[in-house]
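Peer 1: Single-letter residue listing:
Protein chains: 4
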Amino acid sequence: MKKVKVGILGATGSVGQRFVELLENHKLFEVVALCASERSVGQKYGELMKSRWKISGDIPEYVKDIVVTSPTPSETQGVQIVFSGLDASIAGEVETAYAQAGVHVISNSKNHRMVPNVPILSAEVNPEHLDVLQYQKTPGKIITNSNCTIMGVTISLKPLMDLFGLESLFLFSMQAVSGAGYPGVPSMDIMGNIVPFIGGEEDKAEMEPQKCLGRVENGQIVPADFKMSAHCNRVPIFDGHTVCLSVKLKKKVDSKEIIEAWKNFRGEPQKLGLPSAPANPIVYREEQDRPQPRLDLMTGNGMTVVLGRLRPDPILDWKYVVLSHNTVRGAAGAAVLNAELIVNKGLI
Amino acid sequence: MKKVKVGILGATGSVGQRFVELLENHKLFEVVALCASERSVGQKYGELMKSRWKISGDIPEYVKDIVVTSPTPSETQGVQIVFSGLDASIAGEVETAYAQAGVHVISNSKNHRMVPNVPILSAEVNPEHLDVLQYQKTPGKIITNSNCTIMGVTISLKPLMDLFGLESLFLFSMQAVSGAGYPGVPSMDIMGNIVPFIGGEEDKAEMEPQKCLGRVENGQIVPADFKMSAHCNRVPIFDGHTVCLSVKLKKKVDSKEIIEAWKNFRGEPQKLGLPSAPANPIVYREEQDRPQPRLDLMTGNGMTVVLGRLRPDPILDWKYVVLSHNTVRGAAGAAVLNAELIVNKGLI
Amino acid sequence: MKKVKVGILGATGSVGQRFVELLENHKLFEVVALCASERSVGQKYGELMKSRWKISGDIPEYVKDIVVTSPTPSETQGVQIVFSGLDASIAGEVETAYAQAGVHVISNSKNHRMVPNVPILSAEVNPEHLDVLQYQKTPGKIITNSNCTIMGVTISLKPLMDLFGLESLFLFSMQAVSGAGYPGVPSMDIMGNIVPFIGGEEDKAEMEPQKCLGRVENGQIVPADFKMSAHCNRVPIFDGHTVCLSVKLKKKVDSKEIIEAWKNFRGEPQKLGLPSAPANPIVYREEQDRPQPRLDLMTGNGMTVVLGRLRPDPILDWKYVVLSHNTVRGAAGAAVLNAELIVNKGLI
Amino acid sequence: MKKVKVGILGATGSVGQRFVELLENHKLFEVVALCASERSVGQKYGELMKSRWKISGDIPEYVKDIVVTSPTPSETQGVQIVFSGLDASIAGEVETAYAQAGVHVISNSKNHRMVPNVPILSAEVNPEHLDVLQYQKTPGKIITNSNCTIMGVTISLKPLMDLFGLESLFLFSMQAVSGAGYPGVPSMDIMGNIVPFIGGEEDKAEMEPQKCLGRVENGQIVPADFKMSAHCNRVPIFDGHTVCLSVKLKKKVDSKEIIEAWKNFRGEPQKLGLPSAPANPIVYREEQDRPQPRLDLMTGNGMTVVLGRLRPDPILDWKYVVLSHNTVRGAAGAAVLNAELIVNKGLI
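Residue numbers (my numbering), protein chains in the order written: chain A, 7 to 354; chain B, 7 to 354; chain C, 7 to 354; chain D, 7 to 354.
None of these hints come from the bench; they were simulated from the model. Mixed in with the good hints, there may be bad ones.
Claimed, not checked - The calculated DMTMM-like cross-link candidates involving lysine to aspartate or glutamate, where the alpha carbons are at most 25 Å apart (straight line), are: (1) K56/D / E134/B; (2) K210/B / D319/A; (3) K233/C / E30/D; (4) K33/D / E274/D.
As the list claims (entries may be wrong) - Covered by chain D, per the in silico footprint, the following chain C stretches (three or more residues, Cβ under 8 Å): (5) 175-186; (6) 316-327.
Just so you know, even glycine gets a beta-carbon here, dropped at the ideal spot from N, CA and C.
Can you make the complete structure from the sequences, with help from the hints?
Peer 2: Laid out in structure tokens, this is it:
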């Protein structure tokens with residue numbers, strides 16, 4: 007089978023580097039274009055990134071000799087899909103240009119997320135949202151993934167909402183510095199410190215879950231009808247967002263039913279055997295002090311969401327903890343899985 | 007004026023060390039006894055603690071030659087007040103023995119906190135709770151302070167409850183390692199990690215605020231009537247507990263009224279000019295990314311609770327952030343302030 | 007081929023856990039005994055370790071149902087090799103008992119290291135030291151590996167000494183907390199701090215390299231004849247010891263010759279294709295700011311020593327930096343490689 | 007007595023902020039000008055710095071209403087001394103302009119340090135170096151302080167060199183992130199990591215001590231004649247540089263003599279009672295595991311250099327550890343002390 011030719015937009019940034027890592031030896035995709043800003047254009051990726059590669063291990067061989075180009079359709083001819091890790095300041099315009107040029111855009115940026123016929127796709131949660139793509143007027147389609155904090159949360163909520171209904175939830179996050187990209191958070195701001203504020207994050211956290219868990223109606227995504235409150239904090243952790251949740255369900259259930267729902271949860275990626283799909287989208291840990299980033303972050307190669315500490319909530323119904331890998335499941339990994347899904351569904 | 011002779015129980019532990027530090031050159035108190043477990047008895051504090059003193063700066067001169075004794079009333083004759091930083095495993099029994107011997111006990115331990123005629127005293131919040139002391143049957147009286155996480159939270163809630171009424175609240179804590187004492191949390195468990203569990207902490211956090219903010223009736227403290235849900239987390243921070251709160255008030259108010267209430271809040275310690283009282287029990291910071299442990303922890307010498315980020319909550323009414331110094335305002339400093347209050351009130 | 011039956015002494019400790027991890031699905035060894043102290047004996051390892059397993063990922067399935075026994079030869083019948091991660095307080099006696107019972111001991115403890123006919127074996131550096139085993143009088147033989155800090159250093163020195171001669175060296179270490187085992191270093195001692203002292207470490211660092219790089223003569227190991235000075239520091243890093251070295255060589259060479267010597271270095275494990283042998287024992291990085299624990303620690307699955315920053319030294323000849331994984335190459339991984347070597351050499 | 011009017015160049019940077027802090031209520035100096043780059047000019051310091059102030063505690067009241075100006079002599083008329091915390095990219099030119107305009111420059115930048123008639127002044131170490139000022143041709147004089155790492159080291163060496171002679175030394179540093187200014191080191195580069203490289207630092211560390219400890223001859227400073235080798239590392243510490251030293255002395259002495267030399271060491275600042283002078287420039291700690299940043303950094307308000315672990319070195323003569331506060335004693339505090347010295351000496 008012939009591989010789909012893909013490009014990476016924002017290939018030098020931290021999400022871009024994850025794309026480079028995750029697309030090495032990929033079964034479906036062949037990276038043929040790496041795009042970055044003007045000052046990087048014309049240089050070989052391997053040389054350019056020598057002291058900027060921030061992922062453990064070496065720069066993969068396969069990209070070392072690729073010459074970086076501009077993120078412009080005319081410069082990346084032949085590419086059928088682009089993975090976008092662009093900064094929000096330019097992502098909107100560039101991604102639209104690609105869609106107009108007939109290239110599908112798998113975007114990690116926030117710019118198009120809240121457009122009603124652009125899905126915030128989470129392959130296990132809402133594959134049916136792909137139905138709205140036909141209503142996008144451009145020949146190429148734009149598919150986004152959610153904010154990194156929200157990704158693990160919505161996966162944990164999906165089986166609960168389907169089985170027991172969801173009324174409201176409180177979300178309290180402790181987010182890793184890698185979520186802010188590179189150079190991102192200055193060490194003097196976060197070492198031995200907590201910053202109880204992340205610009206724009208609580209807004210995203212209070213809007214995206216409803217859309218992600220919503221339903222398709224008349225070619226648009228109608229947000230689910232539950233209330234949310236979010237507190238977002240930056241903590242001195244490298245990778246991994248830990249989220250405490252309090253949720254109110256529509257149906258009274260016991261803890262076994264909930265844990266059972268999580269353990270049994272499988273989505274389209276598992277059924278289709280997509281290359282990046284973990285065996286289990288959710289793992290629930292029984293120990294009283296888990297999940298922990300140090301111990302649980304790489305479960306399922308960083309694609310499994312790890313839950314723990316389910317216990318009654320004195321005000322709403324239940325409390326629990328969600329851990330997910332913010333740059334894998336919360337960003338590049340989710341995007342790659344989304345791309346695998348659309349290829350498998352024949353949308354390309 | 008003659009100083010009151012005091013002893014410190016658990017003087018070698020981390021709360022005990024804070025007591026030693028805070029009672030240096032104190033206007034009202036003279037430390038005449040330092041008590042610790044059998045293996046320390048008979049040694050000079052200065053020698054004993056040479057490599058165990060964990061507070062920045064040297065061991066204060068005034069304690070260096072004090073010979074450590076057992077925490078037993080017969081060994082500490084002449085002492086009128088003891089400050090207890092004992093471990094919960096022995097605090098109950100030892101503190102009771104002191105009360106029976108006619109010595110007042112200012113305790114930082116949890117053992118007697120939930121006894122109806124033992125106040126969880128927070129000098130700015132509930133000085134009237136001292137009325138229940140007369141109903142304690144021992145000649146010495148036991149006064150506790152709350153759990154370290156709760157202390158700052160209740161101070162922030164007091165003016166809100168008085169002026170606007172309080173219905174319910176969600177509390178999410180990010181707690182420093184010093185809250186677990188020494189040796190406490192192993193570095194391998196917390197460096198670059200988060201542990202979303204602290205044994206017994208959520209129970210305390212969901213019970214103590216109602217008692218602390220309750221009223222005296224028939225010689226007992228009747229807990230206030232609001233609902234609480236707590237999520238407690240250990241984070242890689244040395245000192246300082248950061249708490250995110252969502253609160254529902256009885257009265258609809260705007261943010262200015264709330265901030266005004268905090269700014270105007272003064273308690274008995276401020277009115278009486280107690281030695282350890284900060285000028286302001288509460289400081290509200292206007293910057294969008296404060297309070298932060300690194301920048302705000304030592305406000306008011308660690309006795310001021312620093313608040314920030316008041317904003318509407320989509321489910322309840324308001325969200326905000328509380329920072330307090332867990333071993334000063336949350337433990338030893340609060341206890342010393344409590345002792346100053348009872349001396350000033352002539353209860354001794 | 008039938009696997010060699012092995013046991014792990016000190017199986018619940020942090021080195022013991024690494025042994026458990028590294029021996030999963032091992033080609034040559036089958037773990038049939040897990041030994042620990044009395045309070046653990048009789049329990050299934052999986053249950054016992056549920057909240058004590060400190061390595062990322064789950065406890066391997068293969069050990070979950072093994073019942074923990076005492077570290078006594080009579081309790082571990084059938085075992086041909088034991089891997090010892092015992093604490094030095096008991097390792098001496100227990101290891102001797104095993105050797106007397108005819109079981110070979112691969113020890114990570116310091117107790118027997120300085121005995122003249124016990125090799126400090128580093129499989130790439132001094133396989134010829136195995137010759138002294140015949141002079142050990144017990145039917146089982148004791149083989150140690152060096153202190154974790156020294157392991158990477160001696161590997162980096164081996165090709166230099168062979169080709170250019172070694173006169174003296176200064177060694178400055180920055181050591182991770184995992185080197186102190188679990189619970190090990192209290193978080194209050196090391197978070198945001200440096201401790202410029204590790205008990206006994208500098209003594210070991212100044213004695214073991216000479217023996218490790220020595221030669222066999224009359225059935226004993228004669229230490230190499232170079233001078234050493236060591237400064238050892240504990241830093242707030244989880245895994246990975248970084249060491250700065252200044253060395254004086256006997257021969258004047260240029261930097262290319264040295265880097266060439268490192269790049270060409272291969273040992274017996276590489277020639278024999280031992281299962282745990284990395285392709286390259288040494289990787290030299292050209293970037294000016296490497297090696298770094300975050301980026302380079304897992305090179306060669308933690309078995310490769312990563313070097314960098316070779317530059318002239320104004321007093322001696324050369325300076326460079328060594329990074330090695332203290333619990334893999336510096337402890338359990340080195341021990342497993344040593345065991346593979348003796349099996350391959352037919353010594354068992 | 008009338009205070010000397012001073013200005014701060016680079017007042018918004020991290021060294022500039024320290025100047026602002028240390029000059030609050032200063033006995034000799036009155037800050038009348040705060041200078042920064044064009045984009046800050048015209049704004050009140052209090053407003054401008056609201057979210058950029060990185061020192062614990064509030065921005066001092068006295069600077070809040072000062073309007074920031076350009077670092078140009080014509081904009082800061084009336085100023086007699088400027089404290090420069092400018093970036094090296096512009097410090098050279100700006101400082102020269104001030105000297106030409108008759109303003110004395112107390113500089114923390116590296117630009118003029120190696121000019122033979124510009125002293126690297128360390129008030130306790132080399133006050134006689136002020137003699138070269140008369141050979142500077144500008145009406146205003148330029149006085150620098152050394153690199154932050156070197157400052158504590160040279161203070162520790164001064165009494166040894168005077169009493170016992172100094173032949174050579176190895177220096178190995180573990181440096182805090184605040185040494186790189188703000189935003190400085192990205193958190194993703196240093197959290198849980200070590201970077202064994204700091205651009206230009208080893209060069210400075212191998213040149214400045216000899217000049218600082220040199221003698222004046224013919225209006226120039228002649229460097230002292232000892233050999234040095236430096237290894238510089240960035241570690242995940244906020245404030246405080248820890249340095250391990252191995253030194254060779256000209257005279258054979260015992261450890262008591264050395265410790266005695268350190269304990270007895272006093273410089274001009276102590277004799278003159280300068281406002282920023284600590285009682286002791288050096289404190290030697292007897293505990294085997296000190297100095298430590300967490301416990302010892304604020305000794306003498308950050309102006310005392312804390313030493314420990316004196317022990318024999320197997321190659322040279324002695325090893326020991328030096329801790330100094332890099333932004334106080336190593337930068338702004340040293341500069342203020344230098345300015346106090348020149349005012350006291352009547353050089354202004």
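Peer 1: Taking the hints in turn, state whether each one holds.
Peer 2: These are the hints, each one checked on the structure:
1. Taking the CA atoms of K56/D and E134/B, the gap is near 39 Å; set against the 25 Å cutoff, the hint is violated.
2. For the given pair, K210/B sits about 14 Å from D319/A by alpha-carbon distance, which is consistent with the 25 Å threshold.
3. Between K233/C and E30/D the alpha-carbon distance is near 52 Å, which puts this suggested pair outside the 25 Å criterion.
4. Note on K33/D and E274/D: the hinted pairing holds, with a Cα-Cα distance of about 18 Å set against a maximum of 25 Å.
5. With 3 residues carrying a beta carbon less than 8 Å from a beta carbon of chain D, the region 175-186 of chain C meets the three-residue requirement, and the given coverage holds.
6. Only residues whose beta carbon comes within less than 8 Å of a beta carbon in chain D count, and the region 316-327 of chain C has 6; three or more means the coverage holds.
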